[in-house]
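Participant: Listed here are the chains, written in short residue letters.
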Amino acid sequence: MISAKGRIACQGAACAKAFEIKAPQKAQSTSDAYLSVDEELERLENGLARAKEELEALYQKALTDLGEEQAQIFEMQGMMLDDPDLADGMRDLVKKGAISASKAALLVGEEQARAFEALDDPYMKERALDVRDVSQRVSRAVEGASNVTISEPCIIVADDLTPSQTVAFDRKFILGMILRHGAMNSHAAILARTMNIPTLIGAQLPESGTLDGKMIALDAVHGVFYAEPTDEIISEVQTLKDNFHVRRLRLLGLRGKASITPQGHVIKTYANIGRPDDVEMVLENDAEGIGLFRSEFLFLERDDFPSENEQYKAYSKVAQALNGKLVVIRTLDIGADKQAHYFNLPHEENPALGMRAIRICLTRPQIFKTQLRAIFRASACGNVAMMFPMITCPEEVLDCLKICDEVEEELKAQNIAYKRPQIGIMIETPAAVLLASELAKLVDFFSVGTNDLLQYTAALDRQNQDLGKFYNPHHKALLKSLEIIVKAAHDNGIWAGICGELGGDLSLTDYFIELGFDELSVTPGLILELREKILLSKAICQNPLVNK
Amino acid sequence: MSQEIIHKINDPRGMHARPAGQLVKLLSSFESKVQMSVAGGAAIDGKRLLLVMKLAASQGDELKLVFDGPDEEKAALDTAEFLKANM
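In the order they appear, the protein sequences are chains A and B.
According to our numbering, the first sequence is numbered sequentially starting from 1.
According to our numbering, the second sequence is numbered sequentially starting from 549.
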């Protein structure tokens with residue numbers, strides 16, 4: 001059995017055999033053989049006409065199955081097909097000679113797709129997929145190749161899906177989808193939500209071709225899938241699936257309710273997100289705010305530092321979408337298991353104890369300042385807070401605050417709109433726990449990163465799967481630390497939350513309430529479940545926050 | 549003579565592919581030529597979907613359209629109405 005994670009694009013669960021869809025054909029893979037220019041031109045015209053008919057048919061199918069809005073995607077693709085850049089581009093290339101109509105279609109499509117990929121706007125970048133979808137359709141039409149058909153229930157496994165692939169499938173056979181790539185605003189993800197198909201995107205799939213036909217248990221509630229699962233896992237996921245809709249319906253009834261215990265303790269349910277487009281799931285699940293917005297996505301999988309404006313756009317977009325609800329941005333937490341080559345970080349024997357997170361920021365203040373400026377500016381567009389990761393002592397916080405002051409001065413002098421956000425720190429080292437009272441005097445809030453705190457407190461490598469019974473997520477030392485942290489926070493009049501995985505552990509919710517935590521931040525899919533637990537909790541808060 | 553309209557994009561998602569497609573469809577129905585630009589950038593042919601999409605207009609951006617031709621007045625009026633309702 002293998003298990004791996006993915007981001008949830010549509011919640012639900014399913015068990016079925018995998019149907020693997022190969023990556024769409026690339027220009028290189030088409031045969032290089034070609035006929036005379038006139039013959040290839042004729043083939044191209046026929047292909048264009050047939051592609052046009054197919055898109056018209058897809059438009060009609062989508063109109064019936066999904067409604068006008070989704071159907072317009074295919075109308076739009078039909079117009080792309082008419083666009084001189086695409087159709088005339090293909091014609092011109094064929095006229096030059098020595099190329100097949102099919103290959104010309106792919107090459108021109110690829111060129112246009114690249115132009116979209118080069119855009120800054122993440123939504124428009126995704127449209128490269130539409131361009132490829134259209135040009136590949138022409139290429140297939142020229143070759144007379146048929147589209148993939150599915151005739152038995154399965155879970156689709158693919159690198160990514162084009163909108164036409166997604167719509168062409170017969171909904172009743174698609175029990176779930178697992179995609180290696182994809183973004184929340186890709187057509188596949190949007191259509192998955194419209195059609196209510198449990199879907200993971202950005203999934204850690206093994207090498208392509210290895211899962212085809214294998215049994216898959218898909219748990220798109222917790223964001224995991226299992227290939228060749230044990231009977232135990234199958235029955236677990238099957239139960240999840242059977243109960244999902246009833247349960248989901250009941251949970252959706254909790255939207256709009258405040259997370260407050262029968263005894264009157266308010267413990268807010270916030271969401272953890274890693275990308276701006278995760279906001280969709282945040283709103284759908286009615287989180288009361290975002291307790292952890294990881295900023296690493298801006299820095300990973302690229303070749304150079306993101307600009308202040310790029311960061312500002314990403315942060316302000318989320319702040320605006322949340323419409324006054326709190327958004328806590330965690331400043332850069334790179335290093336250890338998250339590497340970006342252009343930082344040129346030296347190799348380390350113990351990266352978890354090395355140059356990571358705030359240590360990088362304080363060593364290279366220019367990187368830090370750019371991010372802080374973007375956050376201060378985004379703060380003017382909504383209710384924004386930020387927190388520093390990997391803090392171990394008051395001096396580090398003071399250094400950070402000093403840089404914050406400089407940033408504020410600069411923005412003020414430049415007459416750029418900004419607002420100083422609430423400033424907090426992550427408590428994720430035993431050192432910070434021991435010094436919590438001193439640290440609480442310097443900041444506006446604490447947020448506990450339980451994963452790292454457990455790793456550092458109990459000497460348990462979070463990446464090591466072989467620690468067996470020693471890996472106890474409820475380690476007494478961790479639970480004791482939580483008590484110290486809330487007490488220090490509340491004694492000093494600041495709020496404290498949890499944004500690590502433990503926050504979503506429902507067997508501990510009562511304990512968190514008793515300790516007096518003010519906020520729990522969990523993956524969006526767990527928000528309503530957690531809220532239900534809080535609404536029914538009999539726990540009595542022993543240490544409420546009394547605002548000074 | 550020509551007609552000019554300026555529209556500030558209100559949709560928080562910016563100009564999305566679907567409305568962009570609908571806009572180009574509308575513009576193509578006019579006889580007049582349409583030049584489109586965003587925030588003072590270079591003008592493009594408003595009847596070409598790929599070019600319009602590549603403008604990547606986002607919320608707050610000012611979209612400028614210049615109509616030139618026999619039906620320019622009607623084109624400007626209809627387009628202004630469409631923009632107000634859809635982006």
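A couple of the hints might just be wrong.
[Said to hold, decoys possible] Taking lysine to aspartate or glutamate and the EDC-like style, the derived pairs with C-alpha atoms no more than 20 Å apart in a straight line are:
{"#": "1", "chain 1": "B", "residue 1": "K573", "chain 2": "A", "residue 2": "D88"}
{"#": "2", "chain 1": "B", "residue 1": "K602", "chain 2": "A", "residue 2": "D82"}
{"#": "3", "chain 1": "B", "residue 1": "K602", "chain 2": "B", "residue 2": "E579"}
{"#": "4", "chain 1": "B", "residue 1": "K581", "chain 2": "A", "residue 2": "D82"}
{"#": "5", "chain 1": "B", "residue 1": "K602", "chain 2": "A", "residue 2": "D85"}
{"#": "6", "chain 1": "B", "residue 1": "K573", "chain 2": "A", "residue 2": "E69"}
{"#": "7", "chain 1": "A", "residue 1": "K257", "chain 2": "A", "residue 2": "E236"}
{"#": "8", "chain 1": "B", "residue 1": "K573", "chain 2": "A", "residue 2": "D85"}
{"#": "9", "chain 1": "B", "residue 1": "K581", "chain 2": "A", "residue 2": "D85"}
{"#": "10", "chain 1": "B", "residue 1": "K602", "chain 2": "A", "residue 2": "E68"}
{"#": "11", "chain 1": "B", "residue 1": "K573", "chain 2": "A", "residue 2": "E53"}
{"#": "12", "chain 1": "A", "residue 1": "K214", "chain 2": "A", "residue 2": "E236"}
{"#": "13", "chain 1": "B", "residue 1": "K632", "chain 2": "A", "residue 2": "E69"}
{"#": "14", "chain 1": "B", "residue 1": "K556", "chain 2": "A", "residue 2": "D121"}
{"#": "15", "chain 1": "B", "residue 1": "K602", "chain 2": "A", "residue 2": "E111"}
{"#": "16", "chain 1": "B", "residue 1": "K602", "chain 2": "A", "residue 2": "D121"}
{"#": "17", "chain 1": "B", "residue 1": "K573", "chain 2": "A", "residue 2": "E280"}
{"#": "18", "chain 1": "B", "residue 1": "K602", "chain 2": "A", "residue 2": "E310"}
{"#": "19", "chain 1": "B", "residue 1": "K602", "chain 2": "A", "residue 2": "E236"}
{"#": "20", "chain 1": "B", "residue 1": "K602", "chain 2": "A", "residue 2": "D505"}
{"#": "21", "chain 1": "B", "residue 1": "K573", "chain 2": "A", "residue 2": "D82"}
{"#": "22", "chain 1": "B", "residue 1": "K602", "chain 2": "A", "residue 2": "D88"}
{"#": "23", "chain 1": "A", "residue 1": "K125", "chain 2": "B", "residue 2": "D609"}
{"#": "24", "chain 1": "B", "residue 1": "K573", "chain 2": "A", "residue 2": "E68"}
{"#": "25", "chain 1": "A", "residue 1": "K125", "chain 2": "B", "residue 2": "E629"}
{"#": "26", "chain 1": "B", "residue 1": "K602", "chain 2": "A", "residue 2": "E75"}
{"#": "27", "chain 1": "B", "residue 1": "K573", "chain 2": "A", "residue 2": "E75"}
{"#": "28", "chain 1": "A", "residue 1": "K538", "chain 2": "A", "residue 2": "D505"}
Because the hints were derived from the structure by calculation, they are not lab data.
Participant: All hints are to be evaluated individually against the structure, with a verdict given for each.
Facilitator: Structure-based check of all given hints:
{"no.": "1", "hint": "B/K573 with A/D88", "result": "19 Å, holds"}
{"no.": "2", "hint": "B/K602 with A/D82", "result": "16 Å, holds"}
{"no.": "3", "hint": "B/K602 with B/E579", "result": "23 Å, violated"}
{"no.": "4", "hint": "B/K581 with A/D82", "result": "17 Å, holds"}
{"no.": "5", "hint": "B/K602 with A/D85", "result": "12 Å, holds"}
{"no.": "6", "hint": "B/K573 with A/E69", "result": "15 Å, holds"}
{"no.": "7", "hint": "A/K257 with A/E236", "result": "30 Å, violated"}
{"no.": "8", "hint": "B/K573 with A/D85", "result": "16 Å, holds"}
{"no.": "9", "hint": "B/K581 with A/D85", "result": "18 Å, holds"}
{"no.": "10", "hint": "B/K602 with A/E68", "result": "24 Å, violated"}
{"no.": "11", "hint": "B/K573 with A/E53", "result": "18 Å, holds"}
{"no.": "12", "hint": "A/K214 with A/E236", "result": "18 Å, holds"}
{"no.": "13", "hint": "B/K632 with A/E69", "result": "18 Å, holds"}
{"no.": "14", "hint": "B/K556 with A/D121", "result": "17 Å, holds"}
{"no.": "15", "hint": "B/K602 with A/E111", "result": "13 Å, holds"}
{"no.": "16", "hint": "B/K602 with A/D121", "result": "9 Å, holds"}
{"no.": "17", "hint": "B/K573 with A/E280", "result": "29 Å, violated"}
{"no.": "18", "hint": "B/K602 with A/E310", "result": "18 Å, holds"}
{"no.": "19", "hint": "B/K602 with A/E236", "result": "47 Å, violated"}
{"no.": "20", "hint": "B/K602 with A/D505", "result": "45 Å, violated"}
{"no.": "21", "hint": "B/K573 with A/D82", "result": "11 Å, holds"}
{"no.": "22", "hint": "B/K602 with A/D88", "result": "18 Å, holds"}
{"no.": "23", "hint": "A/K125 with B/D609", "result": "18 Å, holds"}
{"no.": "24", "hint": "B/K573 with A/E68", "result": "15 Å, holds"}
{"no.": "25", "hint": "A/K125 with B/E629", "result": "28 Å, violated"}
{"no.": "26", "hint": "B/K602 with A/E75", "result": "18 Å, holds"}
{"no.": "27", "hint": "B/K573 with A/E75", "result": "10 Å, holds"}
{"no.": "28", "hint": "A/K538 with A/D505", "result": "17 Å, holds"}
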